[in-house]
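Chains G and W, in that order, give the protein sequences.
Okay, so the first sequence: first residue is 1 according to the working numbering, each after it adds one.
Okay, so the second sequence: first residue is 1 according to the working numbering, each after it adds one.
It is possible that part of the hints are untrue.
Stated by the list, open to error - DMTMM-like mimics (lysine to aspartate or glutamate), calculated; alpha carbons at most 20 Å apart, straight line:
#, chain 1, residue 1, chain 2, residue 2
1, W, Lys-44, G, Asp-131
2, G, Lys-207, W, Asp-46
3, W, Lys-6, W, Glu-378
4, W, Lys-407, G, Glu-129
5, W, Lys-130, W, Glu-378
6, W, Lys-407, G, Asp-131
7, W, Lys-404, G, Glu-151
8, G, Lys-217, W, Asp-240
9, W, Lys-44, G, Asp-211
For the record, the hints were derived by calculation from the structure and aren't laboratory data.
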Amino acid sequence: MTVFISRRELLKRAGLAGAVAAVAPAFAAGDEAAGAQTTAAAVGPAARDPIANLTAAESDILEAIAARLIPTDANGPGASEARAVHYIDRALGGALASSRPTYQAGLNALDQYARSTRGRPFAALSAAEQDGVLIDVESGTATGFPGGSAEFFNLVRTHTIQGTFCDPFYGGNANFVGWDMIGYPGVRTIVTPDEQRLGADVPSNHKSAYDYDMFTK
Amino acid sequence: MPIRLKEADVVIVGLGAAGGVAALPLAQAGLDVVGLEAGTWLTKRDFAPDELRNNFRGWPQSVQKTNHEIPTHRPDASSPMSPRVAIHPMMNAVGGTTLHYWAQSWRLNPWDFKVVSETTRRYGAARIPKGSTVEDWPFGIEELEPYYDKVEYEIGVSGAAGNVGGNIDRRGNIFEGARRRGYPMPPLRGSGFTDLMAAAGRTLGWHPFPGPAAINSQRYQNRSVCMYHGYCNRGGCHVDAKSSTAVTTIPKAQATGRLKVVTRAHVTSLDVNEGNARVSGVSYVTDGAEYFQPAKVVLLASYTYENVRLLLLSKSRPFPRGLSNNHGQVGRHYFSHAQTAGITALFPWNTNSWYGLPAQGVAIDDWADDNFDHASVEFIGGGNLWVYSDRRPIVAAGMTTFGKTTKSWGSEWKAFVSQNADRTNTSYLQKTTLPYEDNYLDLDPEVRDPLGFPVCRITADYKDNERKLAAFIQNKMEQWYRTAGAVAIEHGPLGSMGPTTHAYGGTRMGDNPETNVVDRWGLSHEASNLGVLGASVMGTSGARNPTLTAQALAWRTAEHLARNFDAIANRRA
Ligand SMILES: Cc1cc2nc3c(=O)[nH]c(=O)nc-3n(C[C@H](O)[C@H](O)[C@H](O)COP(=O)(O)OP(=O)(O)OC[C@H]3O[C@@H](n4cnc5c(N)ncnc54)[C@H](O)[C@@H]3O)c2cc1C
């Protein structure tokens, strides 16, 4: 018995998955190991991030949607600067893979709906026209969405928020613009009583969880 | 053919909150204990402060068993199934859900043990809600007190005592039952905001106090003090300050040399010796290989849904409807805590709640249990009001706008959220929930897990008592927030009774085998060398989290087993 269990321990350490492990979804955590900053640094101030899972056309539509959901405005940067779409694109190859078909169908339907009701592709519409389309999609009255347009809207809104406010490790919240927008002062591993006072001025440290090497990525 | 292993004295199925505690007194008594755990070990390196992973993605790096067998739900037997939830946050790992739970570590109040007799005495038997199958526990809180004490000191709990030997201390919960001594550690500190809420509670004439937490407020047993870093909610502790069984009772039991921990062991059935109707051991699967682990005694500690499911799946000639189910009680008297129907408040100033933890907070017990006169209300029981310091960015950005913006996106929304993300607070209101005749667990006739076994099916809905109580408690909470200066309030819905982290009953404990699965010691009425651990044995919920009570009961069952091992292991059916 002892011998047997240690053999299984060995198999486990060698990463061999059997029946029980094989039923786990293939969460591609490794895919997400490259942080946003690394990518950004590698490509410099390029117009856009390399796309991994969306098509270029899908990415354009999604960028335009995200820019209306969390706009760049007088109050500062929004989803575009946070690279929320970069987050979604990467996650569609990993943790959000099951949403990939919904994005394909939904983005296509949204663009078709923009063309048929406003005469132009979504990305080419004015901000006010885009908002009009999104209001229809949100309320469920836009047509052509396989699972209903409101469901698609909620999915995109949820993921745009994730991409804007997540840990930058996942490819969004670039340069911590999301955390700065809402005043989250960054990941700390020790917090003092003074930092929990009412009225305390806790400076933003612009740190991701994985800037601390005490954690396994 | 499964591989047959060497017989153990005791096999524990699941090394979580309950099983992880039971292992210690058994191992200390010199018994050979095998702990079969579906998950693996996780360490503090695995516990990154990562909101996306912890709070949205169901812990992708650990073994995913719970998430592949999420119970289905329908409100009643004639309704269609509710939409299936995507994630169930119970953990599969050594230490179970104590790795990433909030670690509020409550004792029940005395009333919770005597709901039927005390309600009858004070208000008359007619006040027990129609259709409820609630019973008094087979004993009062005095019987459990030594075990509460034992567990508080073994794992390490921080808190302020409110009643030591009958002496009431207003720094703690004045409504708690008498305890033999104070907590091993002082309470966690308050935050600026929770201190302000405590002061507001006092101006109302209520009795605020810091809640008990299985988290170190001081260095304890060589483990670190809490860092208040803000990722404790569904996150493991990066400094081992959370008193998970993975860093307390399980390693202590291993140190005796008597506990063998087997990870990735997915138990599929409890097996019966058909000759004498006693449990002979358990079958499990690891990496595709099948094993049979014989045992003199089996303790089932795999959380309520899996406890019930494994019993119902384990059919044999002596137990044709499932193990220990000849009285048809497995799955009955199920209820889940009404943790929903919270209150969210908006303040006109920042609360500075970006850090802290859900166990760092202030409680009000004045409206819990029978701590107030119920003559003029139309329900029994009550709720505990809990305000705490806990906020992370994705959830903060998803905040309600209290009807103050036209849309939940766009510039107006963005301006509101950037100003108010740190100005809200959501309370945690745990409310008495009762068992009812038509709320139960069984096996789903259609939905199966990846091994092909049916998942658990919940048939349950809140009733009048829970609805009236929820509205009452929400109003009390609104009053408290308004007193502290809240300018807007939102009442959350009670919702439905789908899969939950506070699932009770299904293998209820009681003296009467006609209405209970296990006896007063937690041992099966029908198969006497089988014990069940966890909140599935509890017959009432009280108004507070279950785990410390489940752990005290687990210690008590294990100690009873150790003291009477020969009799229990060799008893004839
Ligand atoms: C986010 C969160 C916060 C919570 N906060 C609190 C709190 O503040 N206070 C409180 O009192 N409670 C809290 N709870 C509830 C608490 O976690 C549970 O009450 C407690 O963990 C239940 O104990 P258990 O031993 O029954 O189950 P668990 O602790 O979940 O342990 C069960 C173990 O059994 C294993 N297992 C399951 N099936 C099998 C099988 N077939 N074969 C082998 N092993 C198996 C699992 O992998 C697991 O390790 C919280 C829960 C969650 C999810």
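20 Å limit on alpha-carbon distance, applied to hinted pair G:Lys-217 and W:Asp-240: 18 Å, holds
Straight-line alpha-carbon gap W:Lys-407 to G:Asp-131, limit 20 Å: This hinted pair holds, its Cα atoms lying about 11 Å apart.
W:Lys-130 paired with W:Glu-378 [C-alpha distance capped at 20 Å]: Holds, at about 13 Å.
Satisfaction of hint between G:Glu-151 and W:Lys-404, Cα-Cα up to 20 Å: Judged against 20 Å, a Cα distance of about 23 Å means the pair is violated.
Proposed proximity, W:Glu-378 with W:Lys-6 (alpha carbon, max 20 Å): Given that 20 Å is the threshold and the Cα spacing comes to 57 Å, the pair is violated.
Distance restraint between W:Lys-407 and G:Glu-129, which requires alpha-carbon spacing of 20 Å or less: Cα-Cα ~16 Å, so holds.
Straight-line alpha-carbon gap W:Lys-44 to G:Asp-131, limit 20 Å: This hinted pair is violated, its Cα atoms lying about 46 Å apart.
Given pair status - W:Asp-46, G:Lys-207, alpha carbons within 20 Å: Distance ~18 Å between G:Lys-207 and W:Asp-46 Cα, so the pair holds.
W:Lys-44 paired with G:Asp-211 [C-alpha distance capped at 20 Å]: 16 Å, holds
The structure is inconsistent with the numbered hints 1, 3, 7, although it conforms to all the rest.
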